[in-house]
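Undergrad: As a plain string of letters, each chain reads:
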Amino acid sequence: MQDLKPTNGFEEVFRKVQTLTDTPMHYCPGCGHGVVHRLLMEVVDEMKIQDKTVGVAPVGCSVFAYHYMNIDMQEAAHGRATAVATGIKRVLPDRYVFTYQGDGDLAAIGTNETIHTVNRGENILIVFINNGVYGMTGGQMAPTTLAGMKTTTSPFGRDIATMGHPLKITELVAQLPGAYYVTRHAVHTPTAVRKLKKAFRIAFEFQEMKKGTCFVEVVSNCPSGWKMTPQESNKWMEQNMFPYYPLGDLKVPKVRMN
Amino acid sequence: MIRGTVLIAQEVCKGCELCIAACPQECLGLSEQLNIKGYRYVRLIRETCTGCINCALVCPDAAITVFREPKGAAKKTLVVQPAT
Ligand SMILES: Cc1ncc(C[n+]2csc(CCOP(=O)(O)OP(=O)(O)O)c2C)c(N)n1
Ligand code: SF4
Ligand code: SF4
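Protein chains in written order, with numbering that gives the first Met the number 0: chain G, 0 to 257; chain C, 0 to 83.
Read the hints as simulated data drawn from the structure, not as lab findings.
The reader is advised that the hints may include incorrect statements.
[To be verified] Taking CB as the label site, the calculated pair distances span:
1. G/108 to C/0: 51 to 61 angstroms
2. C/44 to G/8: 18 to 28 angstroms
3. C/33 to G/159: 41 to 51 angstroms
4. G/21 to C/25: 28 to 38 angstroms
5. C/0 to G/228: 23 to 33 angstroms
6. C/44 to G/155: 41 to 51 angstroms
7. G/237 to C/31: 44 to 54 angstroms
8. C/46 to G/155: 49 to 59 angstroms
9. G/44 to C/31: 46 to 56 angstroms
10. G/208 to C/23: 30 to 40 angstroms
11. C/29 to G/160: 27 to 37 angstroms
12. G/231 to C/37: 14 to 24 angstroms
13. C/29 to G/21: 18 to 28 angstroms
14. C/29 to G/155: 30 to 40 angstroms
[What the hints assert, rightly or not] No farther apart than 20 angstroms at their CA atoms in a straight line, the calculated lysine to any residue pairs in the SDA-like style are these:
15. C/36 to G/25
16. G/15 to C/71
17. C/36 to G/234
18. G/15 to C/6
19. G/234 to C/19
[What the hints assert, rightly or not] Computed footprint of chain G on chain C; a stretch qualifies when at least three of its residues, placed anywhere within it, have a C-beta under 8 angstroms from a C-beta of chain G:
20. 16 to 28
21. 45 to 56
22. 65 to 71
These numbers come from a predicted model, not from an experiment.
All C-beta atoms, glycine included, are put in the ideal place defined by N, C-alpha and C.
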């Protein structure tokens, strides 16, 4: 059977946006990174801000994000994305600036930059992909790894007594006065995907209004690092990640836009 | 019921099966053949698609384009041509 395209009055209701490049993404099958990339770029496309948006890519699996997002991008050293974004936003205040960072990047080596950037209330969007492991380097333990979770560097499971508690960095930054909008989402179902897209849209609109730092966490999967099929990883995420990292808004401004 | 259909970029698909799980009409399935990357790719296996776009929303590789019959339009025969 060949792939068939309808020609008789059927309307196209969904297609890949042009703000994503045609470069095939290198991510593992079923990895949440691809969905988050697409949603960000759908919002950029909808708001018609392609030539006014600057993304900052991290070190981690999404290090090549600049190949996939058809906008101006800057690569940052490991953990330094929010510092780089601060510089970009201050020099080019009319640009929409966002960082895209994993939990190893944002919550381990980059904790310092993350906290101080939010504390200064830099007018940027921080997108935080929390998959509980260092995906790129082979599934090592991250600060966000759950208690008891097995990784290559915690082969008997994360032991709280010696390895500390999983870091709820999103709860932490929500306390800071510079944080304007802090929310946690996922991309494992169509409903979750729609909600995350709305959150990105709101965050970009707040940036336009110069409100301060918006921080959007996406609890995501890493099928390869977790050694599961994509479907198993989503189920595991629902059962184990969501109770510890509950989805929903952590800080919403009083005046909500619809 | 509104009718729809999907077009899947075979060489982009990685066979993760997330779209199969998201489809309420159970109209997607994996191919027997492998694509250029070595993955079994997703195909339309049943004509029950309503064009709800659920599959496209969860696809990490933006491999799916969705089409839908316009609302209220006189029922048309679905005419298809091979995708390029
Ligand atoms: C200064 C420095 N230290 C360590 C590394 C090794 N390293 C590369 S990616 C990474 C962690 C990535 O994990 P995460 O941010 O969670 O992203 P993911 O790959 O899971 O998407 C580390 C420690 C590095 N590249 N540079
Ligand atoms: S290693 Fe994990 S985070 Fe990295 S691309 Fe693969 S599934 Fe995604
Ligand atoms: S979700 Fe996308 S990549 Fe995964 S099997 Fe379906 S079409 Fe292929």
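Undergrad: The structure should be examined with respect to each hint, and the outcome stated for every one.
TA: Here is how each hint holds up against the structure:
A C-beta distance of roughly 52 angstroms is found between residue 108 of chain G and residue 0 of chain C, which places it inside the suggested range of 51 to 61 angstroms. A C-beta distance of roughly 24 angstroms is found between residue 44 of chain C and residue 8 of chain G, which places it inside the suggested range of 18 to 28 angstroms. Take residue 33 of chain C and residue 159 of chain G: their Cβ atoms lie about 44 angstroms apart, and the range 41 to 51 angstroms holds. With their beta carbons about 30 angstroms apart, residue 21 of chain G and residue 25 of chain C fall inside the hinted range of 28 to 38 angstroms.
Checking the proposed 23 to 33 angstroms range against residue 0 of chain C and residue 228 of chain G shows it holds: the Cβ atoms sit about 31 angstroms from each other. Separation of residue 44 of chain C from residue 155 of chain G is about 43 angstroms and conforms to the stated range, judged on CB atoms against 41 to 51 angstroms. For the pair residue 237 of chain G and residue 31 of chain C, the beta carbons lie near 31 angstroms from each other, so the given range of 44 to 54 angstroms is not met. Distance hint check for residue 46 of chain C and residue 155 of chain G: the Cβ-Cβ separation is about 51 angstroms, which falls inside the suggested range of 49 to 59 angstroms.
For residue 44 of chain G and residue 31 of chain C, the Cβ-Cβ distance of about 36 angstroms falls outside the hinted range of 46 to 56 angstroms, so the restraint is violated. Between residue 208 of chain G and residue 23 of chain C, the C-beta spacing of about 38 angstroms keeps the proposed range 30 to 40 angstroms intact. Distance hint check for residue 29 of chain C and residue 160 of chain G: the Cβ-Cβ separation is about 45 angstroms, which falls outside the suggested range of 27 to 37 angstroms. For residue 231 of chain G and residue 37 of chain C, the hinted distance range of 14 to 24 angstroms is satisfied, since their beta carbons lie about 21 angstroms from each other.
Hint check: residue 29 of chain C to residue 21 of chain G, Cβ distance near 24 angstroms, so the stated range 18 to 28 angstroms holds. In this structure the supplied range 30 to 40 angstroms holds for residue 29 of chain C paired with residue 155 of chain G, their Cβ-Cβ distance being about 36 angstroms. For the given pair, residue 36 of chain C sits about 11 angstroms from residue 25 of chain G by alpha-carbon distance, which is consistent with the 20 angstroms threshold. A distance of roughly 26 angstroms separates the Cα atoms of residue 15 of chain G and residue 71 of chain C; the hinted pair therefore is violated under the 20 angstroms criterion.
For a cut-off of 20 angstroms, the pair hint linking residue 36 of chain C to residue 234 of chain G is broken: about 26 angstroms separates their Cα positions. Taken as a hint, the residue 15 of chain G and residue 6 of chain C pair is honoured in the structure, with Cα atoms around 12 angstroms apart against an allowance of 20 angstroms. Under the criterion of a C-alpha separation no larger than 20 angstroms, the hint pairing residue 234 of chain G with residue 19 of chain C is consistent with the structure, at around 15 angstroms. Coverage of a stretch by a chain is defined here by at least three residues with a beta carbon nearer than 8 angstroms to that chain's beta carbons; for the region 16 to 28 of chain C and chain G the count is 4, and the condition holds.
A stretch counts as covered by a chain when three or more of its residues have a beta carbon under 8 angstroms from one of that chain; for the region 45 to 56 of chain C and chain G the count is 5, and the coverage holds. With 5 residues having a Cβ less than 8 angstroms from any Cβ of chain G, the region 65 to 71 of chain C passes the three-residue criterion, so the hint holds.
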